[in-house]
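S.K.: One-letter residues, chain by chain:
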Amino acid sequence: MAANGAPAGLTQGSGTKGGIGESTLRPDGVLKVTGEFAYASDMWHEDMLWGQILRSTVAHAEIVSVDTGEALATPGVYAVMTYDDLPTDVRHYGLEIRDTPVLAHGKVRHHGEPVAIVAADHPETARRAAAKVKVEYRELPLVTDEASATAPGAVLVHEHRTDHHSGHVPHPNIVHRQPIVRGDAAAAAARADVIVVGDYHFGMQDQAFLGPESGLAVPGEDGGVDLYIATQWLHSDLRQIAPVLGLPEDKVRMTLSGVGGAFGGREDLSMQIHACLLALRTGKPVKMVYNRFESFFGHVHRHPARLHYEHGATRHGRLTHVRCRIVLDGGAYASASPAVVGNAASLSVGPYVVDDVDIEALALYSNNPPCGAMRGFGAVQACFAYEAQMDKVAAGLGLDPVEFRRINAMEQGTLMPTGQPVDSPAPVAELLRRVKAMPMPPERQWESSEGADVRQLPGGLSNTTHGEGVVRGVGYAVGIKNVGFSEGFDDYSTARVRLEAVGGRPVVTVHTAMAEVGQGGVTVHAQIARTELGVTQVTIRPADTRVGSAGSTSASRQTYVTGGAIKHACELVRERVLELGRRRFGSYHPAWATAGLLLEGGKVVTDGGEVLADLVDVLEDEAVEVEEEWRHRPTQPFDPRTGQGDGHVQYSFAAHRAVVEVDTELGLVKVIELACAQDVGKALNPLSVVGQIQGGTVQGLGIAVMEEIVVDPVTAKVQNPSFTDYLLPTILDTPALPVDVLELADDHAPYGLRGVGEAPTLSSTPAVLAAIRDATGLALDRTPVRPEHLTGTAGSDRHPQDPPGGARNVTPSAPPGAPAKSRSARGT
Amino acid sequence: MRVNLTVNGRPQEADDVWEGESLLYVLRERMGLPGSKNACEQGECGSCTVRLDGVPVCSCLVAAGQAEGREVVTVEGLAEYARRRAEGSTTTGTRAGESASLDAARRWQAGGTDSQTGENIELAPVQQAFIDAGAVQCGFCTPGLLVAADEMLERHPNPSDEDIREALSGNLCRCTGYEKIMDAVRLAAARRSEEA
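Quick mapping for you: the protein sequence lines, in order, are chains A and B.
Counting along the first sequence from 1, when you hit position 623 you're at 623 in this note's numbering, and nothing is skipped either side.
Counting along the second sequence from 1, when you hit position 64 you're at 892 in this note's numbering, and nothing is skipped either side.
Simulated coverage check for chain B against chain A, where a stretch passes if three residues somewhere in it have a Cβ under 8 Å from a Cβ of chain A:
#1 853-863
#2 870-883
#3 896-904
#4 961-967
#5 980-994
Because the hints were derived from the structure by calculation, they are not lab data.
Please read all numbers here as calculations on a predicted model, not as lab measurements.
Positions of the beta carbon are idealized from the N, C-alpha and C atoms, including for glycine.
All chains, please: the whole structure from these sequences, using the hints.
M.R.: Quick look at the structure:
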């Protein structure tokens, strides 16, 4: 399937229009293009108040005193609350570890931590009143990196840990640690003809979804609260919110409001509890909307990482072993760090066959901003490093980097470092072949008879060059990502499906708690219902907590798991409809007794296509409704010492080719093209699939060349919390994004599908880096690459633990007469 | 203070406006027109783009008082604006058949995702193209992009890719990777040239 082409030639999943395999349009599209779609920040309620958070101005400090008097006396202010005003003894929350205080207690652990909340009748009044809360801090020593976290006598970020990881970690400032040991890496290293070592730094990326954190809490007459909220997982929020409010879960009624993007940044709570607390305290509806500055403090970020890798290979290009150590900075609170560690460790080798591995991944507690889920979830950082390593090993062997990857590419049946066999298609070599085979963009395409179109050159409209000093480079990368929640997590979803006749037409209603965050789940869910029940008219009900949990809209899992739940519920509805039909009409036509009856086009048909009855006649005035939970195959936790275990349910693969042009004098990069080949198992909605791949690709481009939250290493304060200073790719920074979609079914998944959303974010970044290295000959061991890294004018931002000189090649002594085993990788 | 302005062809007035309020705030919170989005409120993302006397601006950077006596077109009025333009009249008088009263607009709540919602609504060509090309994902950037793209197509009926990128460079999108936005604008231009 071509990027921009019509989705022709794909298998139609159904005889009913709008079923799976078609590029059905979004049901919310019209509302979104007319401005009528109600996002969380658009909600309005009569007599509502505005909530505001006061955040800490320092990263680590004891709170000596808090004076709320002046804030409370401000006209228009209805409530000011601090930790001491919380209604119950449950005052912390967290995805896995309840270590995050709803409001700071005794001390603050990171810059921007919530200290007090205010409700007022105008947002500006609330902001000004919050600024009048007087907080006196006594600053404490900072933990900012591994050295300061684990030094003798290091300050403990959480001095009284009792979580289930605390007994297994080497230091209380380590949230979680996962080793993986398989085979004998030391013995394998001795067999290597070339060994390449590298140290890499991955910057802190922000999800930067456009719709700010927002919600509206409305107090109920029963003492409960209704919360309209933009989130990724309603039921996870509910489990964390209700105990803090001192309410049973059924008195906290949550409804998904319009979500303006998420990318992992809405997995953790932001303002949910604060808005509910203020609503319950004041008895009035309270709306909270973060501004962009606050949004940078209001959600977790992608873990910055330091990665040390050693790869070995034979002169024939076979990898012998991988040793690596990945240190993720989790920041002040645990969030999803334990699971990110498991992902980084188990996916650290990439999509390659390596029998002998020695891996360690860990996440630190520090006084830096908390980090957690973001698209790619630990696999992104690893992919950046192992793909840089693959290029270096290939260069050391004098092999083409794509050929070297192909030699080592995993395939179906390959064992992961965890010992788990990959039991569905793993077309790594094929994806590389496809992405390499795509036509190359023309050389010097900015050149025309009239001269250079500067808009197509590095620097663009800034008119920095007319082509002199511009060099082109090409780079490749491929990655592996797990789909769904891993390590034994009970990863289920719930779907309620109802089929009835309305006004003489059959109508399906699908009710789940799935968060539509923009990914198009609502579109494919309707397609699945149409396919399974042969009914065109499908209504997707708003997601809320009146139906069972759908799990999170993350880990590329919703089409698989909630889609699977809808498919399963539809199958049960179909059985009951056919049973109804047999009772009503079975005596009139013997075909009712046969197996293989289908629902198509609003009718019951035999597998030979003979129509037995209209659905509306079968249903009459009965509604058939089924609510079912559905699970994918169970997974296992990784062994805490060896990392062995069938921890993942499914893998997805994507490969990228990047073409860049670099102005070597000014250090400016223009990505000319970023092509992707990805296996999606089955494209339920080809238009949406391509959209996901392109969006993920550009987020990877962002981390490669511009995106980074800069935290001052001395004060641990965030330096660039705005869209002025945190640079996101614009349409001018974004190249053509051709996509080649491969569909090799995973027999274990509904319709053979694979999760799509995350894999393209993995390989995009290292492909761009590889292309810049190819263009410039520089080693480039960090993301994002900034102009100063390309012009040699960067000051040292190297970690004190990093070896001087950065990445280096180590070649064991060669036996006499052996051919040259290692050539220096370009630029090292 | 009181601010009088014309929004989507309809005279509006807002009372008790604080001097620091932006046009964006007045549109969203006082006039019940939340279509213009509040993604950064510092003029960096373009999500709040509206036309002020025909010129695309970030409404978050326009003080409400600066809009006094002027004409504003938001995404809510884009279809009507495009229809009038097609009929040869871009001056916006009071428009007939108001689609939503101020009161009703204010009561918008988290909507459902009923597959039937929104049928039979008249759209501007660029709006339809965004839907058809798959350029809408989360959709938060969409209103601003539509206003900017529609204005660019008004000036530039047959834009090159570089023209499109230049015109939309002030509008951030975090979901799509922009490729389908390019497709949508190309599609809108192509449909228009077919009709011409």
